[in-house]
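S.K.: From first to last, the protein sequence lines are chains C and E.
To convert, count from 1 in the first sequence and add 79; that's this note's numbering.
To convert, count from 1 in the second sequence and add 396; that's this note's numbering.
By construction, these hints were calculated from the structure, which means they are not laboratory data.
Bear in mind that the values here come from a model prediction, so they are computed numbers and not experimental data.
The C-beta atom is built at its ideal place from N, Cα and C for all residues, glycine as well.
Keep in mind that a hint or two might mislead.
Partial list, computed: chain C residues near chain E (C-beta under 7 angstroms) [stated by the list, open to error]:
| id | residue |
| --- | --- |
| 1 | 124 |
| 2 | 411 |
| 3 | 412 |
| 4 | 417 |
Here are the simulated DSSO-like pairs of lysine-lysine, each with C-alpha atoms no more than 27 angstroms apart in a straight line [claimed, not checked]:
| id | chain 1 | residue 1 | chain 2 | residue 2 |
| --- | --- | --- | --- | --- |
| 5 | E | 463 | C | 425 |
| 6 | E | 402 | C | 627 |
| 7 | E | 515 | C | 482 |
| 8 | C | 464 | E | 521 |
| 9 | E | 419 | C | 441 |
| 10 | C | 425 | E | 404 |
| 11 | E | 515 | C | 441 |
| 12 | C | 425 | E | 476 |
Pairwise CB distance ranges, derived in the manner of DEER restraints [unchecked claim]:
| id | chain 1 | residue 1 | chain 2 | residue 2 | range |
| --- | --- | --- | --- | --- | --- |
| 13 | C | 239 | E | 460 | 53 to 63 angstroms |
| 14 | C | 395 | E | 423 | 41 to 51 angstroms |
| 15 | E | 458 | C | 551 | 51 to 61 angstroms |
| 16 | C | 445 | E | 514 | 10 to 20 angstroms |
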Amino acid sequence: MINILLIVDNKEKRNVLSQIILKMGYNVTCFVSENEILKLISLNPPNLIIVDYDTKSIDISLFLKKIKVQFKGDNFLITTIVPKDFKNYEEIKLSDFVINDFKDINLLKQTINSSLKIKNTLDSLSKNNQELALNLYQLDVMYNTSSKLAGTLDKTKLIDIMLDGLEKSLSFQLSFTLIYNAQDDLTLIINSLHPLSKRFEQAIKLRALLSYNNLFDKKEALCELDSYNIKTIKHVKHPFNEYDLNVFNNDSLFAPIATEEKFFGLIEVFREEEFSQEDVTCFQTIAKQVALPLESAILYEEIKNANIRLEQLERLKSDFISIVSHELRTPLTAIKNSLEIVLNGKTGELSSSGYKFMDMAKRNVERLSGIINDLLDLSKVEAGKMEFRFKKENINATIEFVKNTFENLAKEKNIKIKLNLLNDNPKLYIDSSRIEQILTNLISNAVKFTGENGKIEIETKIIEGENINESLLYDQDIKFLNKKGQYYKISIKDDGIGIDKDDINKVFDKFRQIENSLNRKTGGTGLGLPIAKQLVNAHNGFIWVESKVNEYTKFSFCLPILNDREIFLLNLKRRFDNIVQNKQSLGIVLISEPIELEKSLIFDIKDKNLMLIRQKTHEENNFYFEDNKMKYYYTLINNADKFALDFILKKIETHIKNTELNNFCDKIIFSSVLYPNECDNISDLLNKIMYKNVGEIEIEGKNNGK
Amino acid sequence: MENELKKKILIVDDEIDIVETLKFILEDAGYQCYCAFDGEEGLNLAREIMPDLMILDVMMPKINGYKISRLLKYDNKYKKIPIMMITARSQDEDKLIGEETGVNEYITKPFELDFVVGKVNEYLKAE
């Protein structure tokens, strides 16, 4: 029914108007008191208001303002009737229509009708608008929720994000989520505004399980339900009131949380108001969206656990090898020494056959000790326990040195070793004793497998990372490849027996000697190449082999050419990796003034919920102290895992990128401290760090004058 | 009389076979050798005979090699005695501890007797 409010104090006018409107089939209400009018509008808003400008009891201009302000949201239209010669339109500018002459009935009717039409359109528009706003809001929530969902791999967080999104978009009273973890391992999460009565909670459990059984097509008897060990997590917003079974009478939405292949759980939400079609869509979307990341999260968890187990096994294996190798060394030493004494004739003259067999024993002891050394080296480098002493060094000198040690052996077979080294060679960041080991392994192989009068060529070159043929590398090596960087390539080429195509990559596998190869005859351990590979990898380089049977074999390895910053970051990364591997705490001592770094690093670490210990030395400035005119800032990070350290590394990396080296602190000492809690004060702690002195990273170009 | 001119080397290791071979070869090289088979015995003997050089094993009953090294190196009376440490471990961390405790030389098992004699000669003939 359409209501029209008349505000006319002239009785005659009022009667005429009322009758016209009534004849048109609309309701009319007449009022002249301002208060009554306002009350009526607020209780039962009219579709149209007709005001006579001549009404004496009311200041029309003021009144119009009042209702327009007070009932801003309501779209009612006001028509004002003005005298014939009216000019003061400014005063009634708030009215939507103006009629000069209401005696023209047709005009009046038309005005009323068109006003009402406009009113109708406005109303439906505003309704659409509201729906649109709600939809937009829901969309926004859905969007936010889905982007948040994509950002985590934590199962609990995923569920929280989903519930948060649902609560924002649907404002439910109560929701329960049943999450299926593993066989018969179920978690029920109840989010509710008010606490639940006991029987209600029980009922929810039952309802969740029933739905679960239905979805799973389980036919087990319900009495077994008690045996389900359901973990229940409750989040209650307000402590007062209590929900009981009647909540089940409210409108509810239900959805399984599942991908097409896998089922993870279900969710049901309740609320007093009915859910609209949009709500349903929103609900389904969010429930659907959570399933995929949940699947990833569960997979991730499984992989993580499997990885941990693997790591443990790997550790056990390498510990075993290293212990056994150590234990073998003592008796081996005693045998070797005894043989040496006898062979040297120090215990008296040996018969020639006695000498022959003693010599045989000695050779085999040496072989055995070679194998043990190789085994130990391999297990150490694989476990990340091998210590490297990286320095900027000229590798050509090392190559020449190793080449010279093989001269004699080569001469025996009349093999020529030719050096073709780059004269203008860059200094590389290497551990030259390990490089020596790599070269020894490669050159000794070359000498072994090259026939009489053969030729070995050792060559070096600078190559771009992008020019390295990835297909020659082992899969796992590719991650070391910095395509933008330069590399120093060392190749050892012989014209020996070559390696069969099928076997070519097996040469780097441990214990997988190529059958029928000369390895056995020539007394190799078969571990030389795997060790060389591991050592090259430890230098962030890589090794590969090219060969043609009966023509040549060419082993090449590349080492990165690094600038100071790269060296710094590489060191950092190695240190961190080492710390993660050994599950140690990390101590960072920053010497000098790391204000910037401190800002970007230390506080962010705190944000990430890492444990950060700053020991007090001075009451106010509790994270630095001075000693020998040096300022030490220190940060101890406890229980940091790989992700945390990666995070810190990134921080430092960006910090270095964004600052001049001079503004960076002079020196950073990284140290793995096992028990920082044992230290009473900072100097004690520092001593411990200094004593361990595991990593000191200095930045070149530092400002020593400070 | 001749014995008193010979330089004294103290070998401390709980592995009797290792001690025997070392003793044999060093005596052959013209040194006078004293032997001890655990840390405590070794430390006492060192203080008693004031050797010119010591060869110590790391892992020994009672007092380990590092501790002996530290005790002697921090004592003005004995700190000049060169100490050679025998270890089955070649881990650099060990060497770090060794440096801190004043070890002069490292011998990693299995070692060459000639190498040991060479090193000993370096320390004792230079004087």
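S.K.: Now tell me, hint by hint, if it's right for this structure.
M.R.: Going down the list of hints, with the structure as the test:
Because the smallest distance between the Cβ of residue 124 of chain C and any Cβ of chain E comes to about 85 angstroms, over 7 angstroms, the interface hint for this residue is violated. Proximity of residue 411 of chain C to chain E holds as hinted, the smallest CB-CB distance being about 5 angstroms (cut-off 7 angstroms). Hint status for residue 412 of chain C: holds, given a least beta-carbon distance of 4 angstroms to chain E, under 7 angstroms. Because the closest C-beta pair between residue 417 of chain C and chain E is about 6 angstroms apart, less than 7 angstroms, the hint holds.
Distance restraint check for residue 463 of chain E and residue 425 of chain C: the Cα-Cα separation of roughly 35 angstroms exceeds the 27 angstroms cut-off, and the hinted pair is therefore not satisfied. Distance restraint check for residue 402 of chain E and residue 627 of chain C: the Cα-Cα separation of roughly 62 angstroms exceeds the 27 angstroms cut-off, and the hinted pair is therefore not satisfied. Taken as a hint, the residue 515 of chain E and residue 482 of chain C pair is honoured in the structure, with Cα atoms around 26 angstroms apart against an allowance of 27 angstroms. Taking the CA atoms of residue 464 of chain C and residue 521 of chain E, the gap is about 38 angstroms. The hint is violated against a cut of 27 angstroms.
As the CA atoms of residue 419 of chain E and residue 441 of chain C are separated by approximately 20 angstroms, the hinted pair is consistent with the 27 angstroms bound. In summary, the hint linking residue 425 of chain C to residue 404 of chain E is supported, as the alpha carbons are separated by about 21 angstroms, within the 27 angstroms threshold. At roughly 22 angstroms between alpha-carbon atoms, residue 515 of chain E and residue 441 of chain C fall within 27 angstroms of each other, so this suggested pair holds. Restraint check: the Cα-Cα separation between residue 425 of chain C and residue 476 of chain E comes to about 32 angstroms, which exceeds 27 angstroms; the hinted pair is violated.
Between residue 239 of chain C and residue 460 of chain E the Cβ separation comes to about 54 angstroms, which falls inside the hinted range of 53 to 63 angstroms. For the pair residue 395 of chain C and residue 423 of chain E, the beta carbons lie near 44 angstroms from each other, so the given range of 41 to 51 angstroms is met. The given range of 51 to 61 angstroms is respected by residue 458 of chain E and residue 551 of chain C, whose C-beta atoms sit roughly 56 angstroms from each other. At roughly 18 angstroms, the beta carbons of residue 445 of chain C and residue 514 of chain E sit within the given window of 10 to 20 angstroms.
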